[in-house]
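Q: Just so you know, the sequences run in chain order G and H. Read in order, the letters of the first sequence correspond to residues 1 to 362 in our numbering. Read in order, the letters of the second sequence correspond to residues 363 to 724 in our numbering.
Keep in mind the hints are simulated off the structure, nothing from the lab. Treat the numbers as computed from the prediction; the structure is a model and nothing was measured. Take these hints with a grain of salt, some might be off.
What the hints assert, rightly or not - In silico SDA-like cross-links for lysine to any residue, where the CA-CA straight-line distance does not exceed 25 Å:
(1) H:Lys627 x G:Lys189
(2) G:Lys189 x G:Asp150
(3) G:Lys276 x H:Asp642
So you can see what is in the structure, the chains are spelled out below.
Number of protein chains: 2
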Amino acid sequence: MGGDHGPSVTLPACRQFLDAHPLADLVLVGTAAALQPAQGWPRCSLVVATEVVAMDDGVEVALRRKRDSSMRVAISQLKPAPSNSALAVEGLALAAADVCVSAGNTGALMAVARYVLKTFEGIDRPAIAALLPNMRGGFTKVLDLGANVDCSAEHLLQFAVMGSALVSALDGNEQPSVGLLNIGEEAIKGSEVTKRAGELLRAADAAGQLNFYGNVEGNDIFKGTTDLVVCDGFVGNVLLKTSEGLAGMMGQFIKEEFSRTPLAKLAALMALPVLKRFKDRVDHRRYSGGALLGLRGLVFKAHGSSDAFAFERALARAYDAARNRLLDRVHDRIRNTFAVLPDAAAPGGAETGDATPSAKAA
Amino acid sequence: MGGDHGPSVTLPACRQFLDAHPLADLVLVGTAAALQPAQGWPRCSLVVATEVVAMDDGVEVALRRKRDSSMRVAISQLKPAPSNSALAVEGLALAAADVCVSAGNTGALMAVARYVLKTFEGIDRPAIAALLPNMRGGFTKVLDLGANVDCSAEHLLQFAVMGSALVSALDGNEQPSVGLLNIGEEAIKGSEVTKRAGELLRAADAAGQLNFYGNVEGNDIFKGTTDLVVCDGFVGNVLLKTSEGLAGMMGQFIKEEFSRTPLAKLAALMALPVLKRFKDRVDHRRYSGGALLGLRGLVFKAHGSSDAFAFERALARAYDAARNRLLDRVHDRIRNTFAVLPDAAAPGGAETGDATPSAKAA
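So here's chain G without its partners, still in its complex pose (with noise of 0.2 Å):
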């Protein structure tokens, strides 16, 4: 239901996804209404919802008012955590999901995510991951991106780890390289915060928990310098926003220099392949979604503005990850290293449900 476009959107791209892939399922919630152009496809279910969580409707009236939203059933859907083995594509015999994927307004998905799955022990909070292109032609992940601000030290050595895992979980690769994005790449730069981040990521390279590369800056995110580049939030959220807005006045300064005289809209015309192939390269619907960390349940979050390509993109990046046994990948490398630092984990973190011997004591 989420996203600026809904089911208009939604729909058309939950069919392409079903198509594109003959081993998944799909559960689709909404309004009756909604889904009723569903009725029929194969390989999915449909659970009706009686409310819908508004882009700007406040987290309280996600969490408190709209009890039963599409976005709160979507979230029930998914199985217990952390999962075990079967996954949803192998059937939906549990009538239980392996990961959620929406478009919907994102401070409410964090908090109804949050309420209805908690968090693994010793995270506090969930943070979002998103993939930026970068020259080496493949995809710098960045977190976090919006979801936390005023982050402490020891946040920003969970976003490594958790962010490492979804490194492995979608590229394979096992030992990830990690930047510490800082204003210059000397340790002694940087915030307070920063400068403790620094000495615990060195810490858990050091006990072999990750691969710290170092302090990197805004530009390495495009250069491709790390596989991982962790920030707190409010940084990541305004670097991602400011990308946003730089792609689009280039894009329109192209436009604008292309139809300027009769000359230049020849040269267009002559360029028009060339010019496509460059748009789909940097085209952000391609690496649209981004993942929530942390949660013992897997959420993927569409951007708002999702059209059916960027949508169905992030359904199958969401696929791929639960196939890869992400939220497992996150679970085992948040606890090796809380066994290894200890002081990383969050004091008061949220063990509700957990089954751990700390959980039970606490």
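With chain G held as given, fit chain H onto it using these hints.
A: Same frame as chain G, but now just chain H:
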């Protein structure tokens, strides 16, 4: 002497600047050998310094060890501030300059300028403001860009006031709109510091001291939503480096696509004038030159990677700023704001050399 290329770039730029600005005088500061080619240039005096701050020298080296550095000597050429009337462009009778331009080591320049010039009363740390192109065809001024990490809400207000003075001096716009960089438009969004800064900015607006638009997001910089955007130096540095990195990547992608096949190369030939116009439009050399604000003297920083064109642009911008009395404008606006909102001033601001009663009492 500074920048990645030193006098091989700065000298030709100075010569170009002199030729293009027949009323301007230049004081060149450098080693005797470096200044040699400028012997006999019109309206140009030479001041020899025996040392040079290297691009990788630490702040301590620049401040304590290299006391006769070209950087320090150049800053010492500035006339006592706040300046009153006589501009260096009217002659060098006072042997004192109105503005200093350097492409050298940013950290060292900040530290030496702060040490030699001192900051205005109530300002404890100078800020760097830069210009980023926007879709309206103008430039959005953004500060702080890397000088101050861990900013307080009061610092952000000071940036807004000083940045407004910069816009008024460069564009003749006396009521520039100010945006507070944040992760959402709503006033309740953001970190603790940005929320408090929003309150201070609204109070300053209500008191008629500035024209506060409200929160803006990263993409608004390139949309040109406001004339000025304020943020802390960490975020500013990240957004600047991210923008440079993304623009560089997009430029490389265009180049690659237009040389991929013989047909693409032919299209490139046709599109050459269009591509050149596009390149000029996003050419960051055009808006090279950041202003250091809050000091009792005008200092401009050219990008370390400046070529002769970029350095000449920085000289021209600094010259315009000096002619439009940027220093007095900053001083006036800061003084007026602190008179109305005394809490906005830094309690222990560096008042050394100030002639106001409060400074004498300190």
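Q: For each hint, tell me whether it holds in the structure or not.
A: Outcome of the hint check:
Proximity of Lys627 of chain H to Lys189 of chain G is assessed by CA-CA distance (about 44 Å); at most 25 Å being required, the pair is judged violated. With a C-alpha separation of about 18 Å, the suggested pair Lys189 of chain G and Asp150 of chain G falls inside the 25 Å cut-off, and the hint holds. Distance hint between Lys276 of chain G and Asp642 of chain H is fulfilled; the C-alpha atoms sit about 22 Å from each other, no more than 25 Å.
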